[in-house]
Amino acid sequence: MEKTINIKVKVWRQAGPKAKGHFETFELNNISTDSSFLEMIDVLNEKLISERREPIAFDHDCREGICGMCSLYINGHPHGPDDEITTCQLHMRKFKDGETITIEPWRSAAFPVIKDLMVDRRAFDKIIQAGGFISVNTGGVPDANAIPIPKKNADLAMDAASCIGCGACVAACKNGSAMLFVSAKVSQLALLPQGQVEAARRAKAMVAKMDELGFGNCTNTGACAAECPKGVKLSNIARLNREYLCAKLKD
Amino acid sequence: MWLKDSSIGRKLIMSISGIALILFLLFHGTMNVVAIISPDGYNMICEFLGANWYALVGTIGLAVLVIVHILYAFYLTLLNYRARGFERYAVTKKQAAVEWSSKNMLVLGIIVLLGIGLHLYNFWYKMQWVELRHMMGADVDVSKATDGIGYISELFANPVYSLIYLVWLCALWFHLTHGFWSALHTIGWNNDIWMKRLRVISYILATLIVLMFAAVVIFYYGSSLACGIAA
Numbered sequence: 001m002e003k004t005i006n007i008k009v010k011v012w013r014q015a016g017p018k019a020k021g022h023f024e025t026f027e028l029n030n031i032s033t034d035s036s037f038l039e040m041i042d043v044l045n046e047k048l049i050s051e052r053r054e055p056i057a058f059d060h061d062c063r064e065g066i067c068g069m070c071s072l073y074i075n076g077h078p079h080g081p082d083d084e085i086t087t088c089q090l091h092m093r094k095f096k097d098g099e100t101i102t103i104e105p106w107r108s109a110a111f112p113v114i115k116d117l118m119v120d121r122r123a124f125d126k127i128i129q130a131g132g133f134i135s136v137n138t139g140g141v142p143d144a145n146a147i148p149i150p151k152k153n154a155d156l157a158m159d160a161a162s163c164i165g166c167g168a169c170v171a172a173c174k175n176g177s178a179m180l181f182v183s184a185k186v187s188q189l190a191l192l193p194q195g196q197v198e199a200a201r202r203a204k205a206m207v208a209k210m211d212e213l214g215f216g217n218c219t220n221t222g223a224c225a226a227e228c229p230k231g232v233k234l235s236n237i238a239r240l241n242r243e244y245l246c247a248k249l250k251d
Numbered sequence: 001m002w003l004k005d006s007s008i009g010r011k012l013i014m015s016i017s018g019i020a021l022i023l024f025l026l027f028h029g030t031m032n033v034v035a036i037i038s039p040d041g042y043n044m045i046c047e048f049l050g051a052n053w054y055a056l057v058g059t060i061g062l063a064v065l066v067i068v069h070i071l072y073a074f075y076l077t078l079l080n081y082r083a084r085g086f087e088r089y090a091v092t093k094k095q096a097a098v099e100w101s102s103k104n105m106l107v108l109g110i111i112v113l114l115g116i117g118l119h120l121y122n123f124w125y126k127m128q129w130v131e132l133r134h135m136m137g138a139d140v141d142v143s144k145a146t147d148g149i150g151y152i153s154e155l156f157a158n159p160v161y162s163l164i165y166l167v168w169l170c171a172l173w174f175h176l177t178h179g180f181w182s183a184l185h186t187i188g189w190n191n192d193i194w195m196k197r198l199r200v201i202s203y204i205l206a207t208l209i210v211l212m213f214a215a216v217v218i219f220y221y222g223s224s225l226a227c228g229i230a231a
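Protein chains in written order, with the numbering used here: chain A, 1 to 251; chain B, 1 to 231.
Looking at chain A on its own, in the form it has when it is part of the complex (with noise of 0.2 Å):
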């Protein structure tokens, strides 16, 4: 049996980046609780294109989880009221009949909006060019078996990889930091012996491009790893200070 329910969604509308944004809010009814949230956003967006209003800009891509495109701040979490799961994932039966649901960007001074709901996250992508990889000389590649590596360490790594750099830990954290995104991605690397090469090297560059960008100081409030739709442990920034403070010390 298919439920629906009526409810008011109040949107942040933001015509630029430079423009001065303000909430509108529309009534949508007949919405299905089967729907997934970005569903109900299409819906809406048919109903203003055919209403020849401007549709609301938001970010999506793969729709399943993995991508980290969705972004959206609703009802005073990034992704939703629900656990561990991103806003594609979330379904309208997560709320009421006649509920208001309020959807803002994620608001922090290094992810700049572009448009209504959607936010510039470049800033991301410069910290990892500033050292999450691997340098690796082509030519021979040892077979990755021949390397061992305690099962501990692997499934750190793979706990912390699995971060998507969706940003819901800097739209979280009252200090708009970005510790447990470079966490994640320093730890997954200095946690394996291929990473190790260069692990002093990159969370010496990597923390330096994340301050550069704006971002803010961590205060270990863990707003972000109780935010983070991957489940992403607050333990990885403890590791990046070790990391980082060694890395300093040696110099």
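It is possible that some hints are incorrect.
Mimicking EDC-like on lysine to aspartate or glutamate, the simulated pairs with C-alpha atoms at most 16 Å apart in a straight line are [to be verified]: (1) 248/A / 5/B; (2) 126/B / 47/B; (3) 93/B / 82/A; (4) 4/B / 211/A; (5) 94/A / 2/A; (6) 20/A / 87/B; (7) 144/B / 40/B; (8) 94/B / 82/A; (9) 4/B / 212/A; (10) 94/A / 83/A; (11) 115/A / 87/B; (12) 115/A / 24/A; (13) 174/A / 87/B; (14) 230/A / 159/A; (15) 196/B / 99/B; (16) 96/A / 27/A; (17) 174/A / 99/B; (18) 204/A / 5/B.
Sample of chain A residues facing chain B (criterion: CB under 7 Å; computed from the structure) [what the hints assert, rightly or not]: (19) 75; (20) 107; (21) 174; (22) 207; (23) 217; (24) 220; (25) 221; (26) 222; (27) 242.
Hints in this document: simulated from the structure, not taken from any laboratory.
Every residue gets a Cβ at the ideal spot worked out from N, C-alpha and C, and that includes glycine.
Knowing the structure of chain A, use the given hints to seat chain B on it.
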């Protein structure tokens, strides 16, 4: 210099100064307990820690730590406020895993600072400061400068002062429950297993420190009541 130019360096300064201040609180608290066990012993400590060179070096070191910790707190808060962006969220919800104290460290710190101001006026200004002025040749009465117990029993006989001190200690408790584990986390001494342990240790440490201080306030307020009844 990376210590002031990088976010992790700035946090390290907060963390190291914070841990040093926690060690001082443990030292101060232990001495306070002596005031309950042996009032004479407490006044002897007051003499040891009067205007002697080691006590003065310690006081100056402590003042530097407090100033660094506070200046960096304001500096970091300002940077973080800017990093948050010009527009604020219309709706914010708290997350269950996030401690209330962790989001209010500055406010708690300001309450602690106001308390320190009052405390210095109530005790330090009448004790070490008087001795210092005496050493510099000022005509002051030093007969009561090492009578810590006298000042304690006088101050905490007043219920208003006792209450203010207890509120101050409450703010300190909240500040320390986040501060201790957060400081170790910033140095990098944490992982998934120790995360829970460190939080528990923070609560134990904060409670221990605050109880040591609160015990003196309550004991001397209580004995003032008892004396009042006896008289």
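Status of each hint after checking the structure:
For the given pair, residue 248/A sits about 12 Å from residue 5/B by alpha-carbon distance, which is consistent with the 16 Å threshold. The suggested pairing of residue 126/B with residue 47/B holds, with an alpha-carbon distance near 13 Å, which does not exceed 16 Å. Of the supplied pair hints, the one linking residue 93/B and residue 82/A holds, its CA atoms being roughly 13 Å apart against a limit of 16 Å. Distance check on the hinted pair: residue 4/B and residue 211/A sit about 12 Å apart at the alpha-carbon level, within 16 Å; holds.
Taking the CA atoms of residue 94/A and residue 2/A, the gap is near 15 Å; set against the 16 Å cutoff, the hint holds. About 10 Å separates the Cα atoms of residue 20/A and residue 87/B, which keeps this hinted pair within 16 Å; it holds. Restraint check for residue 144/B and residue 40/B: the C-alpha separation of about 14 Å stays at or below 16 Å, so the hint holds. Simply put, residue 94/B and residue 82/A have alpha-carbon atoms about 13 Å apart, close enough for the 16 Å limit, and the pair holds.
The suggested pairing of residue 4/B with residue 212/A holds, with an alpha-carbon distance near 13 Å, which does not exceed 16 Å. With a C-alpha separation of about 11 Å, the suggested pair residue 94/A and residue 83/A falls inside the 16 Å cut-off, and the hint holds. Of the supplied pair hints, the one linking residue 115/A and residue 87/B holds, its CA atoms being roughly 14 Å apart against a limit of 16 Å. For a cut-off of 16 Å, the pair hint linking residue 115/A to residue 24/A stands: about 14 Å separates their Cα positions.
Among the hinted pairs, residue 174/A with residue 87/B is consistent with the structure: their alpha-carbon atoms are about 13 Å apart, no more than 16 Å. Restraint check: the Cα-Cα separation between residue 230/A and residue 159/A comes to about 9 Å, which is no more than 16 Å; the hinted pair holds. Taking the CA atoms of residue 196/B and residue 99/B, the gap is about 13 Å. The hint holds against a cut of 16 Å. Restraint check: the Cα-Cα separation between residue 96/A and residue 27/A comes to about 14 Å, which is no more than 16 Å; the hinted pair holds.
With a C-alpha separation of about 13 Å, the suggested pair residue 174/A and residue 99/B falls inside the 16 Å cut-off, and the hint holds. At most 16 Å may separate the alpha-carbon atoms for a hinted pair to count; residue 204/A and residue 5/B meet this at roughly 12 Å. A hinted interface residue such as residue 75/A counts as satisfied when its beta carbon comes closer than 7 Å to some beta carbon of chain B; here the least separation is about 6 Å, so the hint holds. With its C-beta approaching chain B no nearer than about 5 Å, residue 107/A sits inside the 7 Å limit, and its interface hint holds.
For residue 174/A, the shortest C-beta to C-beta distance to chain B is roughly 6 Å, which falls under 7 Å, so the interface hint holds. With 7 Å as the threshold, the beta carbon of residue 207/A comes within range of chain B, its nearest partner Cβ sitting at about 6 Å, so the hint holds. Contact between residue 217/A and chain B, as hinted, is supported at the beta carbon level, the nearest pair being about 4 Å apart and thus within 7 Å. At its closest, the beta carbon of residue 220/A sits 4 Å from a beta carbon of chain B; the interface hint therefore holds under the 7 Å criterion.
Proximity of residue 221/A to chain B holds as hinted, the smallest CB-CB distance being about 4 Å (cut-off 7 Å). Here the hint on residue 222/A is kept, as its CB sits about 5 Å from the closest CB of chain B, short of 7 Å. Hint status for residue 242/A: holds, given a least beta-carbon distance of 3 Å to chain B, under 7 Å.
Consistency note: the structure conflicts with none of the earlier hints.
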